[in-house]
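Chemist: In case you want the letters, here they are:
There are 2 protein chains.
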Amino acid sequence: MAFDHLSTTFAALADPTRRAILERLAGGEKTVTELAEPFQMSLPAVSKHLKVLERAGLIERGREAQWRPCRLNAAPLKEVANWVEHYRHFWEESFDRLADYLKELQGGDKERDPNP
Amino acid sequence: MAFDHLSTTFAALADPTRRAILERLAGGEKTVTELAEPFQMSLPAVSKHLKVLERAGLIERGREAQWRPCRLNAAPLKEVANWVEHYRHFWEESFDRLADYLKELQGGDKERDPNP
Numbered sequence: 001m002a003f004d005h006l007s008t009t010f011a012a013l014a015d016p017t018r019r020a021i022l023e024r025l026a027g028g029e030k031t032v033t034e035l036a037e038p039f040q041m042s043l044p045a046v047s048k049h050l051k052v053l054e055r056a057g058l059i060e061r062g063r064e065a066q067w068r069p070c071r072l073n074a075a076p077l078k079e080v081a082n083w084v085e086h087y088r089h090f091w092e093e094s095f096d097r098l099a100d101y102l103k104e105l106q107g108g109d110k111e112r113d114p115n116p
Numbered sequence: 117m118a119f120d121h122l123s124t125t126f127a128a129l130a131d132p133t134r135r136a137i138l139e140r141l142a143g144g145e146k147t148v149t150e151l152a153e154p155f156q157m158s159l160p161a162v163s164k165h166l167k168v169l170e171r172a173g174l175i176e177r178g179r180e181a182q183w184r185p186c187r188l189n190a191a192p193l194k195e196v197a198n199w200v201e202h203y204r205h206f207w208e209e210s211f212d213r214l215a216d217y218l219k220e221l222q223g224g225d226k227e228r229d230p231n232p
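Protein chains in written order, with our numbering: chain A, 1 to 116; chain B, 117 to 232.
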């Protein structure tokens, strides 16, 4: 199997803490210590999550040895959006079917109405 | 941790075979045998993938014991689309920055042009 980037991205997103980290980084770059704070997690635990996000290309880290700020990289999320977009008509279709059904119900009411 | 549906969905999508199964089901409902065919996989291997997709609510299966056709259920994909949509401005922003840079380069060329 060739390198499968989309699977790596999906696997990285399959964790609520990692998605929460991305959400925090959407507000601007942060250090590991800043990221660890709200999660009440040890630095090594956060570092492990960051490594998964970094491997998936979802974050980038500064080069400074002491202070390596993390920054969101949204490019892999664009691939996710493109992939999921192919299925949009399926969920919109189910919504349309519901709307048709409701219209049908209303139509039924009108038929019973003696003053159209 | 409460039941985390989005993580279950992302984990189910983190496999190229499972995404290929969804793609085939987008063409209409299919039996396990029909789904197994193009993948050169054993039926138990395909069944295992189907169980993951079913647990994530991405497919539904008929009730007939012998012939349980699989059908795509796109509702969890709508959640994925909604989630990823929050990050759209990040990748569009990077594209805008590139477009600005290219415009700047072209502007530079024009400044050197003696006949504006």
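The set of hints was computed from the structure by calculation and includes no laboratory data. Treat the hints with care, as some may be off.
Stated by the list, open to error - In silico DSS-like pairs for lysine-lysine, Cα to Cα no more than 25 Å straight-line: (1) Lys146(B) / Lys164(B); (2) Lys219(B) / Lys78(A); (3) Lys51(A) / Lys78(A); (4) Lys194(B) / Lys103(A); (5) Lys78(A) / Lys103(A); (6) Lys78(A) / Lys146(B).
To be verified - DEER-style ranges, computed between Cβ atoms: (7) Glu23(A) / Ala142(B): 18 to 24 Å; (8) Ala191(B) / Glu29(A): 17 to 23 Å; (9) Gln106(A) / Thr149(B): 23 to 29 Å; (10) Pro132(B) / Asp100(A): 21 to 27 Å; (11) Asp100(A) / Ser210(B): 17 to 23 Å; (12) Leu98(A) / Tyr217(B): 44 to 50 Å; (13) Gln106(A) / Asp216(B): 36 to 42 Å.
All C-beta atoms, glycine included, are put in the ideal place defined by N, C-alpha and C.
Chemist: Determine for every hint whether it applies to the structure shown.
Modeler: Hint by hint, here is what the structure shows:
1. Lys146(B) / Lys164(B): Distance of about 16 Å is within 25 Å: holds.
2. Lys219(B) / Lys78(A): holds (23 Å)
3. Lys51(A) / Lys78(A): holds (20 Å)
4. Lys194(B) / Lys103(A): holds (23 Å)
5. Lys78(A) / Lys103(A): Since the Cα atoms of Lys78(A) and Lys103(A) sit roughly 36 Å apart, the hinted pair is violated (cutoff 25 Å).
6. Lys78(A) / Lys146(B): Violated. Lys78(A) to Lys146(B) sits at ~30 Å, over the 25 Å cutoff.
7. Glu23(A) / Ala142(B): 18 to 24 Å: violated (30 Å)
8. Ala191(B) / Glu29(A): 17 to 23 Å: Hint violated: Cβ distance 35 Å, outside 17 to 23 Å.
9. Gln106(A) / Thr149(B): 23 to 29 Å: violated (43 Å)
10. Pro132(B) / Asp100(A): 21 to 27 Å: violated (36 Å)
11. Asp100(A) / Ser210(B): 17 to 23 Å: About 40 Å separates the Cβ atoms of Asp100(A) and Ser210(B), which means 17 to 23 Å is violated.
12. Leu98(A) / Tyr217(B): 44 to 50 Å: Roughly 46 Å apart at Cβ, these two residues keep to the hinted range, so it holds.
13. Gln106(A) / Asp216(B): 36 to 42 Å: Violated - the Cβ-Cβ distance for Gln106(A) and Asp216(B), about 50 Å, lies outside 36 to 42 Å.
Of the numbered hints given earlier, the model fails hints 5, 6, 7, 8, 9, 10, 11 and 13; all others are met.
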